[in-house]
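A.B. asks: Chains A and B are the protein sequences, given in the same order.
Going by our numbering, the first residue of the first sequence is number 1, and it counts up by one from there.
Going by our numbering, the first residue of the second sequence is number 1, and it counts up by one from there.
These are calculated hints, taken from the structure and not from any lab test.
All figures in this text were calculated on a predicted structure; none of them were measured in a lab.
Heads up, the beta-carbon is just placed ideally off N, CA and C, and yes, glycines get one too.
There may be inaccurate statements among the hints.
Claimed, not checked - Straight-line distance between alpha carbons at most 25 angstroms, and here's what the computed DMTMM-like set of lysine to aspartate or glutamate pairs gives:
hint: 1; chain 1: A; residue 1: LYS429; chain 2: B; residue 2: ASP78
hint: 2; chain 1: A; residue 1: LYS270; chain 2: B; residue 2: ASP60
hint: 3; chain 1: B; residue 1: LYS6; chain 2: B; residue 2: GLU26
hint: 4; chain 1: A; residue 1: LYS288; chain 2: B; residue 2: GLU26
hint: 5; chain 1: A; residue 1: LYS155; chain 2: A; residue 2: GLU174
hint: 6; chain 1: B; residue 1: LYS20; chain 2: A; residue 2: GLU249
hint: 7; chain 1: A; residue 1: LYS759; chain 2: A; residue 2: GLU71
hint: 8; chain 1: B; residue 1: LYS20; chain 2: A; residue 2: GLU188
To be verified - Computed beta-carbon distance windows for the label pairs:
hint: 9; chain 1: B; residue 1: LYS20; chain 2: A; residue 2: LYS275; range: 38 to 44 angstroms
hint: 10; chain 1: B; residue 1: LEU50; chain 2: A; residue 2: TRP328; range: 36 to 42 angstroms
hint: 11; chain 1: B; residue 1: ARG24; chain 2: A; residue 2: ALA771; range: 52 to 58 angstroms
hint: 12; chain 1: A; residue 1: GLU170; chain 2: B; residue 2: LYS20; range: 37 to 43 angstroms
hint: 13; chain 1: B; residue 1: PRO41; chain 2: A; residue 2: PRO492; range: 52 to 58 angstroms
hint: 14; chain 1: A; residue 1: TRP520; chain 2: B; residue 2: LYS20; range: 49 to 55 angstroms
hint: 15; chain 1: B; residue 1: ARG24; chain 2: A; residue 2: GLY180; range: 21 to 27 angstroms
hint: 16; chain 1: B; residue 1: PRO41; chain 2: A; residue 2: HIS169; range: 41 to 47 angstroms
hint: 17; chain 1: B; residue 1: PRO41; chain 2: A; residue 2: ASP217; range: 30 to 36 angstroms
To be verified - So, partial list: chain A residues that the calculated Cβ filter (under 8 angstroms) puts toward chain B:
hint: 18; residue: TYR68
hint: 19; residue: GLU71
hint: 20; residue: GLU72
hint: 21; residue: ILE73
hint: 22; residue: CYS237
hint: 23; residue: ARG239
hint: 24; residue: SER241
hint: 25; residue: ASP258
hint: 26; residue: ASP287
hint: 27; residue: GLY296
hint: 28; residue: PRO297
hint: 29; residue: ASP388
hint: 30; residue: GLY491
hint: 31; residue: PRO495
hint: 32; residue: PHE496
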Amino acid sequence: MSKKKIRIALSGNPNSGKTTIFNALTGARQHIANYPGVTVEKKYGRTNHQGYEIEVVDLPGIYSLTAYSLEEIVARDYLLDEKPDVVVDIVDASNLDRNLYLALQFKELGVPLIIALNMMDVASSRGITIDTELLSHMLNAPVVPMVARTRSGIKALLDKVLEVAEREHEWHPELISYGGDIDQALDEIEEILQRSRFYDEKYAPRWLALKCVEGDDQVLRLMEREPILHDEIEAVCRRVSRHILNTLEEEPEGIIADHRYGYIAGITRKAVKRKIQSRLHLSDRLDKVLTDRILGPIIMLVVLYATYEFIFWASEAPVAWTESFFEWLKEVIFLVLPPGNLRSLLTSGVIDGVGGVLGFVPLIMFMFLAIAVMEDAGYMARVAYMLDRVLRWFGLHGNSVLAFLISGGISGGCAVPGILATRTLRDPKERITTILVVPFMNCGAKLPLFGVLIAAFFSKNEARMLFIFTLLSWAFALFSAKIIRSTVLRGPKTPFVMELPPYRVPTLKGLAIHTWERTWQYIKKAGTVILGFSILLWAVMTFPQLPQEQRDHYRAQRDSLEKAFLSHAQVRGLIHGKKELALLDKRFSSLIQDKGKGKETVQTDHPHSPVPALAEAAFRLKNGGRDLVEGMDPGLIKAAKVYLDYQEAMAQSLAFERRDALLHAFAGRIGKALETITRPLGFDYRVNIALIGGFAAKEIIVSTLGTAYSLGDTDSEEGTSLSDRLRNNPDWNPLKAFTLVIFSMLYVPCFVTLAMIRKEASWKWAGFSVAFNLLIAYTFSLFLYQVGSFLGLGL
Amino acid sequence: MKKIIKMRQMTNYQKGIIRKVTARGEMGRRIREMGLVPDTPIQIQGRAPLYDPVAVKVRDYTLTLRNNEADQILVEVDILDEKQ
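The following block holds chain A by itself, in its conformation from the complex (with noise of 0.2 angstroms):
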């Protein structure tokens, strides 16, 4: 036997518990996917109750049905469209007269109503008795008393979803009295539209006519299909709306409202009956500190960096288990394949981009969980309420701020989560503003550079020089964001039209819901996009190869290199052929790695082989100097002497080799062909390269612009040598530094930001993003190195 099916849609207020009640009829069999062509999240669920299968649809929270967010265009089209079964109206019993505004515009509608009336226990702490029998009466729906939070209520709802779905397959549409000139023109609109052909089964004329006289965009040109409807039913529009304007000093729709309140205030003065209360709820005892004049901000910052340094804190350690995981799997696909393009692919290619991929996940995870929590607790209403006066001068949102500690407002954080966080922002023109400045902030990608930097030329200000650093980028973001506004990005600022939900314990099953399918949709969406680039971005710097001649010459070059070292006078009687000679580097390179505690255990044919003693030495000389090695054989630091300068000579042919290789390579033709562009900014091709490197993760810029300066990796500490190079490399001066840290904080997000830019937003934003950064990057930096130049600042 089939199971009978039904389609229920959840609606309700924002922060009714609409998604508590999601949660607990359909447990962890949720799905997430987005309305078409729209951000807004569909999320849907299915449960099994007496035989029948229930598919569940959460609507978007929202406060009204009228036609100006995007929530409630989505959760209206979804009811006219779809007409579920059963609509069930979350609302809560402790704000009821604002939850059945939207209630009271479902029976305008006509949808099969079920009430949720949840959180009676809130209801009743505050003194509010509501008789639900007489409720459900004068609403002609029925009303299901729930807590959600404790799953009480949950098992009745779905026996009533069942009864009415049993029952009604019409809809009804309620008629509620306007007053005299309102009601009138309704009729005289459903009329017009009842001998019309244009009117059909999808929409109850009734609701139409309303919606005309409410002025509702989305039906209004709906009816502009037909012009002559359309003049007819204007013309009654436009006698009714004079009509008050000149009776009443109002807009019909602020009659409508008017009226709608003045129907619930019936209905709550028969239904509801409250102890008069003086005392404040703990929610606003809360308030008056958490939102005080100085505490609260004071408060704020701690809570918006503890939620930081926790982020990061958190997700530290399973951070670094990613990457030792990907590092081994890398060492495995070094031995079981041969050298070569195949292997570069996988370790280069395929292993860092997947790596690039999940090595985020902790830190996404960490960050909707601190972000959950704390839109859970009701804490984020009132950030976006401390700073709503600072944040609105460059058009954004007081819950931008979130995205922007979090992309590197403290120094050190990631785009990535940082873009992720705009979720909380509603209003897509402040969504998207955020989303493209935040690239602009110092993630921790971008420090090793700007240590590098600070090191070689402002050595004396370290601290200021990052300071400074932190302060330019947050100038930088806001007043792009401030340009974006008033230009692509242009419009009305929103109303600042806000609830301060009262403050709420976050169940954990709620928190572990919402964090998981979050991380799992990141996982799902970014995945792709993330590998492909890390491919592309492989070939473009591997192809096309060395010619085979240079090649061979390099490894000639190192093979007689070995064959002089084995055959030295100092070694020879130590270290015997290849194969020691593989152990002992093998050995060293352990030491140096783990700094001097070597766990590496070196199996050698001789139980009295000199590699783990020749290797100590040569590392305590490396590091130490003199001092280090007293007292140990003169034979063994001579040889260990001997050993340090083959070391160099062949870190410094591979480093030549790979230099040229990258030189070769499409980087390094394009980043010749860029020195055209990029000369009056003081970079050559060298740091070109470095950059498009930078494009793949803001990191490997470092490393890169050492390969560049062909910098060997005997030296424990990369960061250190290329400092000293740079500083005593007659091309660089402070300027150019200063230029260099200025255009990598702004040129491009990284691929993994632009893909989660895609994600969130779309391809054309993602193109905008690249573009409008590096235009900025390229002006300022520009105008920074000219005018030094100039003064001769730096130089």
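Dock chain B against the given chain A, drawing on the hints supplied.
C.D. replies: Frame of chain A; chain B shown alone:
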């Protein structure tokens, strides 16, 4: 004695009854659908650190509006109340 003033002019914790909403268009609609309609009692709850927006208690919940939005809501208040 009663007097009608703009909501922006109300002091913290002052009570009053909305008499008129002059906002039109989208803003008028938003304000009204959140329950700020004539004859509704309200009480100012506080102001953000920079004195804008303002938080107001209405119909059992707290709503925040910017000052320029609060300008478009006329509220009847007790003058005695104001002096206290």
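A.B. asks: Report holds or violated for the interface hint on ASP388 of chain A, using the least CB-CB distance to chain B and a cut-off of 8 angstroms.
C.D. replies: holds (6 angstroms)
A.B. asks: Closer than 8 angstroms between Cβ atoms is the bar; does SER241 of chain A clear it against chain B? Give me holds or violated.
C.D. replies: Interface hint status for SER241 of chain A: violated (11 angstroms vs cutoff 8 angstroms).
A.B. asks: Given the hint that LYS270 of chain A pairs with ASP60 of chain B, does the C-alpha gap stay at or below 25 angstroms?
C.D. replies: holds (17 angstroms)
A.B. asks: The hint says 21 to 27 angstroms between ARG24 of chain B and GLY180 of chain A; measuring C-beta to C-beta, is that right?
C.D. replies: holds (22 angstroms)
A.B. asks: Would you check the hint for LYS288 of chain A and GLU26 of chain B, treating anything up to 25 angstroms between C-alpha atoms as holding?
C.D. replies: violated (31 angstroms)
A.B. asks: May I ask you to test the hint 52 to 58 angstroms on the CB atoms belonging to PRO41 of chain B and PRO492 of chain A?
C.D. replies: For PRO492 of chain A against PRO41 of chain B, whose Cβ atoms are near 30 angstroms apart, the range 52 to 58 angstroms is violated.
A.B. asks: Take a look at whether the Cβ-Cβ distance between LEU50 of chain B and TRP328 of chain A falls inside 36 to 42 angstroms.
C.D. replies: This hint is violated: roughly 53 angstroms between Cβ atoms.
A.B. asks: Should the hint that TYR68 of chain A touches chain B count as held when the rule is a Cβ pair under 8 angstroms?
C.D. replies: Nearest chain B Cβ about 6 angstroms off; hint holds.
A.B. asks: Go through the hint on ASP287 of chain A and say holds or violated, using the shortest Cβ distance to chain B against 8 angstroms.
C.D. replies: holds (7 angstroms)
A.B. asks: So, GLY491 of chain A near chain B? Judge it on the closest CB pair being under 8 angstroms.
C.D. replies: It is violated, given that the least Cβ distance between GLY491 of chain A and chain B is near 12 angstroms, above 8 angstroms.
A.B. asks: Taking 8 angstroms as the limit, does the beta-carbon of CYS237 of chain A come near enough to a beta-carbon in chain B?
C.D. replies: Since the shortest Cβ distance to chain B is 15 angstroms, the answer is violated.
A.B. asks: Okay, ARG24 of chain B versus ALA771 of chain A on CB: inside 52 to 58 angstroms?
C.D. replies: At roughly 39 angstroms between Cβ atoms, ALA771 of chain A and ARG24 of chain B fall outside 52 to 58 angstroms, so the hint is violated.
Of the numbered hints given earlier, the model fails hints 1, 4, 5, 8, 9, 10, 11, 13, 19, 20, 21, 22, 23, 24 and 30; all others are met.
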